[in-house]
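Residue numbers (the numbering used here), protein chains in the order written: chain A, 6 to 351; chain B, 111 to 444; chain C, -16 to 434; chain D, 506 to 590.
Just so you know, these hints were derived from the structure itself, not from any lab. Source: prediction; values computed, not measured. Idealized CB from N, CA, C, for every residue including glycine. Hints are not guaranteed to be accurate.
[Unchecked claim] Here chain C is said to cover these stretches of chain D; the calculated rule only asks that three of the stretch's residues, wherever they fall, bring their Cβ under 8 Å from a Cβ of chain C:
| hint | stretch |
| --- | --- |
| 1 | 507 to 521 |
| 2 | 541 to 547 |
| 3 | 551 to 561 |
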Amino acid sequence: MTTTAKPAKNATTTHRSRPGVDRRPRTTEFEMLRDMTRIRRFEERCVELYSATKIRGFLHLCIGEEAIPVGVMRALTDDDAVVSTYREHGHALARGMTMGALLGEMFGKQSGCSGGRGGSMHLFDAARRFYGGNAIVGGGLPVAVGLALAEKMRGTNNVVACLFGDGAMAEGEFHESANLAALWHLPVVFFCENNLYAMGTSLAREHAQTDLALRAASYGMVAWPADGMDVLAVVDAARRAVELARSGSGPCFVELRTYRFRAHSMYDPDRYRDKAEIEQWRHRDPIPALTEKLRAAGVLSDDDLTEIEAEILTEIDKAVAEAEAAPEEPVGDLTRFVTSEPRREQ
Amino acid sequence: MTAQATAQVELTYREAMREAMREAMTRDERVFLMGEDVGRYGGCFAVSMGLLEEFGPERVRDTPLSESGFVGAGIGAALGGMRPIVEIMTVNFSLLALDQILNNAATLLHMSNGQFNVPLVIRMTTGAGRQLAAQHSHSLEGWYAHIPGLRILAPATIADARGMLWPALEDPDPVLIFEHGTLYNVSGPPPDPSISVDITSAAVRRAGRDVTIVTYGGTLSKALDAADELSAGGVEAEVIDLRVLRPLDDATLLESVTRTHRVVIVDEGWRSGSLSAEISARLVEHAFYDLDAPIERVCSAEVPMPYALHLEQAALPQQADVVAAVMRTVDSRA
Amino acid sequence: MPSLGADMETGTLLEWLVKPGDPVHRGDVIAVVDTDKAAIDVECFTDGVIEQLIVEPGRRVPVGTVLAIVGAEPAGQAPAPGPAGQAPAPGPAVTTAAHVTSPLVRRLARDQGVDLAGVPTAGPGGVLHRADVEHLLPRKRDRMPAAADHLAPAATRRAMRASPMARRLAAAAGIDIATVAGSGRDGEIRADDVRRATQSGDRPAVPNLVRVGGTTAAPTATAPTATAERHPDAMRQAIASLMTRSNREIPHYYLTTTIDMTAATAWLRARNRELPVSERVVVAALLLAATARAARRVPEVNGVWVDGELRPASSVELGLVVSLRRGGIIVPVIADAAARSVDRLMATMRDVVERARTGHLKSSELTPPSITVSNLGDQGVESVLGVIYPPQVALVGFGAVLDRPWAVDGMLGVRPVVTASLAADHRASDGAVGARFLNHIDRLLQRPEEL
Amino acid sequence: MTPEHARELIEQTLLDIVPDADLAALTQGVDIREELELDSLDFVALVERLSERAGLRIEEEDYGELRTMDSAVRLLTMHAAGSSA
């Protein structure tokens, strides 16, 4: 099976290896439910930690959008590359990065995946080919195209997954990148997380043509929309797109329609959205949706849920404790990594 | 090839750069060239003429007019294991890619705690003197020299044009090479390929005891001419070619200035907030007690570069300006 | 309650040392406070009169609490000068308890060292204006000895422009940069000026371009009126620093000899009788001529001491100490003095001295001498034991030519004599050499016609 | 030459040599060289200029006559009288 990425499998293995937990084989759906819940609970704890001033700076949460990271990452192999945005906790966790690496980073500690140099918006993991963590809207797209160019020139079979929001579709870099990728038939998949708002500006107030897939298609690539609130729909679309790109037919574009339940960043007054609209989208929360579905199918019990929550809570507590205890990067190392260090091997 | 045919006699700066690219692509399969019209057209300034035929369209890639897109793609390709050479037609156009150069190329290594380095080389034309007016003629390399994480090169000689590219490609981090537009047709004897060229130090192009003229790129020849003129009047100017605009070779500058005690900085960039300002500040910081006269700067007039020849020349640093500035540092009332 | 330690948050007032109505001055100890660590004296930071004691002894209060109110001086009573030499406040003493001041006024006061508490104001509402502060300044300046006053050097510094390198060299050489003549375009002092001033000019200047004059003790070198007259202090300081350096660095030894001037004066008188008035020669010219010729024969006294060694000069560059009418001295040089006839020496000396005094010396006359003569004969003294101008190694002094009893061939007679003295650098020469030098002078003066 | 003329001539010459000389201080019996701090060169200059302006040759033997203002005036008037006679 190539459908389960190794990093994700690693994360899964951690749970499975825990005595007493792995009582029976898990279905893919069950794992996806657990992965989404894991992201949700993690971010909820981030809110608390932010309020307690443990986390500072900008903190962008993907609560409500968890189906996308979980679904997309499942469609990738270890050797594929991921280029993400500043709302990337979910992507990072689903790609297999540990909570400890993320929380350490948000705490500004040495144990963080970027040694405290990046923070919430700049999560990186070379081992998992996770290229960040880009906080310039649209800025990651040309890089993803270049990564895909390298894959193509090196003759690999790898694909680059490029995630970005609807706001990036207004950036010139989207259009330059889409054109270049299509022109050169590069193996890149553009995953547009359309949560209807570019910060506080709604899609309709920002785009003359709000059918984003239609616009992407104009560059000569396959493009279609999918329900970003349904993890099964996401994973299905992502697999199709990734296989298409891997086949050498060039880039494709998937518009994943989703919604964030919380503000753009922490303590955003959220005056630009109708409360009713938020409530309406909450009814489509991907986690309860999948939960109900699995219950209905008889493959999920209350005990399972309790167990999932307990596992996640333990993982979070452990990560928080680790991050608290972790040393800070020495100030003496402030200027490290401005240029490469000779001893460093990649 | 044309360049090979003439290599035994004289080499132009353009040919030297082309030779350097040819050598790099021959030596390392990961090296490829991309940019606007680098392939079929042969390069806006004909630098890459013939390379498409030699290396094919995969490795000599014409790009659409999307500076941010193809510079970002260069970054991505570098991250992905390639060694791209990205050509941008002029420094003015590079501003369209400034986001990629600053926010990604220069930043990724640090932001990722050393996980992702960007072994990318970006070449571009800079400078005025060809009546290309205000959107093709500026000298903005000083801006780039402001950015930590980048190495900024300004080859001013045939030897440097020929020799700087390879070490730039070997650098694990992004390197920007600024080629002054007036240099392409300058010719000289082909450099000895056995002499390695570094991308770390400034070069003393002319020794002198009375004043240090600091310059780089397109103004080097003006500075050298000025030094000759001054020599006839009894003033021996030392001329330093910075070569590397970032990181600056402070040691060479300080060594010279502590001997001559007088400094004239010639920089085709605008004076305000310029590279010349940075050098001036460093010399004041580190050689204050060795300065025997105020530091003089010869920069471009603070106007967008005009088209008309006489206006353009009036806006640019000239030999006479350099001579006058030197004289202000060594002149006395008596 | 003052903070008497970084970690102090509160303090207990133990004792008042003043009572209401007491005049207090800045620096007075007015109370004792107990911190958690010790009993500490509390200083008053202003001048005035205690109006009210607010915190009673025994009370513990936070840092920042007002302990007492200090008012201004009662009207008509001038405050005593503060520690900083603060000027009394004469004139209409309309002092107020609470001066209102602008930042500009505060800065002016700070820069000029004026304590605003002592400044009377004529303005309404106790508002202090700039004029109130400036009103005090000339008087303040007047009453301070210029050299000791920090204001005066500040003024000098402002007028002087020197390159950083020149400053560094001057500091290393121990000379006051303000005394160095600047050769820069606007008179700014450059490294070569300092080198010349220290006479260790081993580095040639940029030829033809920056070569200018300069001299050891002559701040007036190229701009006498601009520098010396406007800043007589500068010259005083120049002399002070140079002479201090000399006495610090040079191990002087002194020799004197008395020379019979009968032959010399007789020769002069006879000669002057024949010459037009404008060409008459004074005895000083003879003394200079003899000194120059003697110096040529004794290279140990004619040169400079640089980098631990004597560098004899190839010619005798004779420095002549010229006292200026308004005080101070300047040392023009008579180039290659040993090669000049007495007549030429006389003419040169007259010319140079006159121009030295009117501030019109040429830079060539301010190049470093190789030996200096100080002739104080006209001032009537008998002998001069001088201080050598570093880095020179000798200074020759002459007193007045006086009639003295003198034994010649066993007979006592009255003869005109002069006391010649040598102050010499013992690093460069020994007494025997100095003696030989003085004897040369003596012998030369016995045969003036040969000079 | 009248004494007034002679005095004027002397004062003029002294001012040439010592521009800010306080001539009022040169009262009867006051030594000019001492008061104005004239050195031998100044004195030679004084002699030269007086000789020139008065049209007479002041010999070294006469230098003593230039000690005070009164004697100097006397010297000039007498010499002038003698030479015109």
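Verification of the supplied hints:
1. 507 to 521: violated (count 0)
2. 541 to 547: Our answer is that it holds, as 5 residues pass the Cβ test (under 8 Å) against chain C, meeting three.
3. 551 to 561: Contact hint for the stretch 551 to 561 of chain D vs chain C: holds, 4 residues under 8 Å.
Hint compliance for this structure: hint 1 alone is broken.
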